[in-house]
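Protein chains in written order, with the numbering used here: chain W, -12 to 267; chain Z, 33 to 351; chain F, 54 to 365.
FYI, nobody ran anything at the bench for these hints, they're computed from the structure. Glycine is no exception: its CB is placed at the ideal position from the N, C-alpha and C atoms.
Straight-line Cα separation of at most 27 Å, DSS-like style, residue types lysine-lysine; simulated pairs:
1. K128/W with K170/W
2. K226/W with K38/W
3. K170/W with K134/W
4. K217/W with K170/W
5. K244/Z with K88/F
6. K134/W with K66/Z
If you want the footprint, here are the derived chain Z segments under chain F, 3+ residues with CB under 8 Å:
7. 147 to 153
8. 215 to 225
9. 271 to 277
10. 333 to 344
If you want the ones that stay clear, here's a sample from chain W, every Cβ over 12 Å from chain Z, calculated:
11. A95
12. K170
13. D174
14. S181
15. I213
16. M238
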Amino acid sequence: MEDSIRQAGDQMTEEDIPGTEEGPRRGLSQGIEVGAAADPIGGIDPWSGEKVFELEDVTVSYGGVPAVKGVSMGIQRNEITALIGPSGCGKSTLLRCLNRMNDLIPSASVDGSILYHGQDLYGPRVDPVQVRKMIGMVFQKPNPFPKSIYDNIAFGPRVLGLDDVEERVETALRGAALWDEVKDRLDDNAYGMSGGQQQRLCIARTMAVDPEVILMDEPCSALDPISTGKIEDLMLELKEQFSIVIVTHNMQQAARVSDKTAFLIVRLDATENNRWGELV
Amino acid sequence: MDSTGLTGDLEGAGRKPAISLEAPSPRYGEKAIKGLLAVCALLSVVTTTAIVVSLLIPTLDFLARVPIGDFLFGTSWAPTFTPASFGVLPILVGTLSTSLWGMLVAVPIGLASAIFLSEYASPRVRKVIKPILEVLAGIPTVAIGIFGLVFLSPLIEKVLPFMVNVPPFSAGVAGIAIGLMIVPIIASISDDSMRSVPSGLREAAYGLGSTKMKVATRVVFPAAISGIIASLVLAGSRAVGETMIVLLVAGASPNLTFDPGSSVQTMTAFIGTTATGDISTGTITYDTIFAVGALLFVITLVLNMFAIRMVRKYREVYE
Amino acid sequence: MADPTETERVRLATAGARAVTLESLSSQPRGDLFKGALFYALLILALAVALAGLAAIIIQAAVKGAPAIGPDLFTNGPSTLNPSEAGFRPALIGTLYLILGVIVLVVPLGIGAAIYLEEYGDRSRWWNRLIELNVQNLAGVPSIIYGILGLAFIVRGPLDLGFILVAGSLTLALLVLPTVILAAREAIRAVPPSIREGSLALGATQWQTIRRQVLPAAVPGVITGVILAISRAIGETAPLLLVGAATFVTFNPTFLGDNGYSALPVLIFNYAQRPQDEFRVLAAAGVIVMLVVLLAMNSFAVWLRNRYEQQW
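Produce the entire structure from the sequences given, and follow the hints as far as they go.
Structure (structure tokens):
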């Protein structure tokens, strides 16, 4: 176990931001083989639960160039679904569509349909702010606000006008297994925490606003193996309350935490100039 | 508590919550704020329009009375005399003369300071000197003008008498004072642009066995050239538009000469002296202020546009 | 990185490397050593001249103006006849009022415009690029042109306020507005996008994100910009000459009074132009007062910026 965690930490250094990929990679057909061995929990009918998301032929493009093509999948309630694949296959891009964070990139466009509890996430009357209240997100690099630990958690409940802010802060910090570490220094600046603590703070921050789904974009890629282990344990606890979608390019991590795993691979067009991700 | 309709969520799976993805309120406040901020930004466009309009209308009146050829190429400037003559060349050359002498002083000093700060100075020295330069860049030009008039001019008259023909006024001394004003601009912007040259380039040159001086002059300097040119052009534009120093030190006689010892009137000094007097709207003298202002505006606009383009270039290359 | 710039970089690098290689293969090391030392000495000399020249401005004013420094300088009004008793009171009050007006106008407008350009303005729209270019250009327009604008648009023309103090405030505000916008934009841009994403992902609206995350983080940079702009406004003389501050007044000004107002730099200029040496001493004393205030403000602003520069 110790070994595999260390290995996991080592492998999780590659970036996965669209637009920064290095040279094209090919010959990823082995992804399919590993895909067959997915669903490590096993034993349960994979499609029995209630679906939170249903993706139907989703294509995401940046300025007309597709980054992910034709993805169809379902994401179940109270499960951890892992999106896995090599760098540049559009995992993060796909994830960011699920709470409309891609709206922040003016050139991004989404085709196909993404249903959230049967409602079109990209419908004309849908409000992205409302979507993000229900679907929280944890990012690749810990991004605490430059404020005190307390204010980091309290920010969400305050802007959403939720009551019992103080109680929520404590519940969230306990939920993220941070309470004992920080309860005496809630007024300290969050930048003084370690990387792993910062990331758990970001998870706690997301929990404090009671989302239904938490999206995690390679939440451990900037962390050491021990912090990674803590966050993985945390995720397993959190799935009682939340549905979690995690992006990773680490097979072991996906195997350790996920109930279901979706593989994306890189495809090249005939000229090898364009690359996009496809679900296998 | 709940606008999201997800209260049931914490109680476990299996219960389908009622979900609305629509905005709970139209958020008029958000839209109003965005509109208000846009108005703030638009104010800058309004300012530019106002500048252009306020210069253009009297200038057109002026050109209706004075042929544009006489204005741009005439060699005699006496708009308040009778008979009046409106040849702008003497005050244009006056402006160019003080600016050129200023650049002659400031360019070598400013660039050398920038090379020192960027390539030679230790981080500690740099951390002290750069802020000092930036603070000194805030000295008001009226203070520099008084320094030129009360201190520089008598001093230079003693040491180099040919520099001050009509004490205390001299284009050359005004130039030196302008030079002092623009040195911090050149040093600061050039330093920024040389420091944005990637250190890999320097290391490569050192790896080839070159000396520090060669790295500075043959590698870093050429690589940072667009930022350096931008700093020079911006400084030139500031020199052309400077008013107080030339009002105090250059004098008020429109002489068509580049002689540093001569007293000259610049375009800005003409505007400064004439517009403070009691002149009524609609007279040709009043319109003349605007015609000269329009010419000054066009010159500085061209210089600024050029500098902005050069700055963008170096930002694109290295950032 | 885009291709053209990449080739530009490569071209510069190869040109530099080639020149250096040629040079280092053909010259004697001893000559190099000497040239290097001489070059270094020249650089130091240049910097020393620059700093000495700028320091001389301050020292000269201090020496020349020292005899006139005293409480009278602040409490007495100006006089054309009796320089030994003349002071700067109406001009100091005038400058104070002018700057109050500038702050009231420039802080909300400048920060508002900066927020719009950084957070809302979509750069792919031509009008937003136009506003941006326009602000950069306005920052380089000579101050005397703003004087002309003030004269034609604010004192006369559409606003027709007359030669009152508020007209001077408006003119100075327009003059320093681009500086404030540019500085505030820099400060807002320095706040990392991950902070915005973190806030939006919690369901905060865009304005909530700006108001409660971006702006607080940008405050030191914004304050620096505002202070630098205000200190520029304090020392600006040329535009005020055109909008009425040139009048020689002996009474305390008011915001809307139409019998003239005065400002510190304008009165300094007025004194400096007089041939008698006593007035030049007064002018130098005025310069000291102005420089003490400005250098203190600028030092604080630069310190504040450097203090928070490395935050992210």
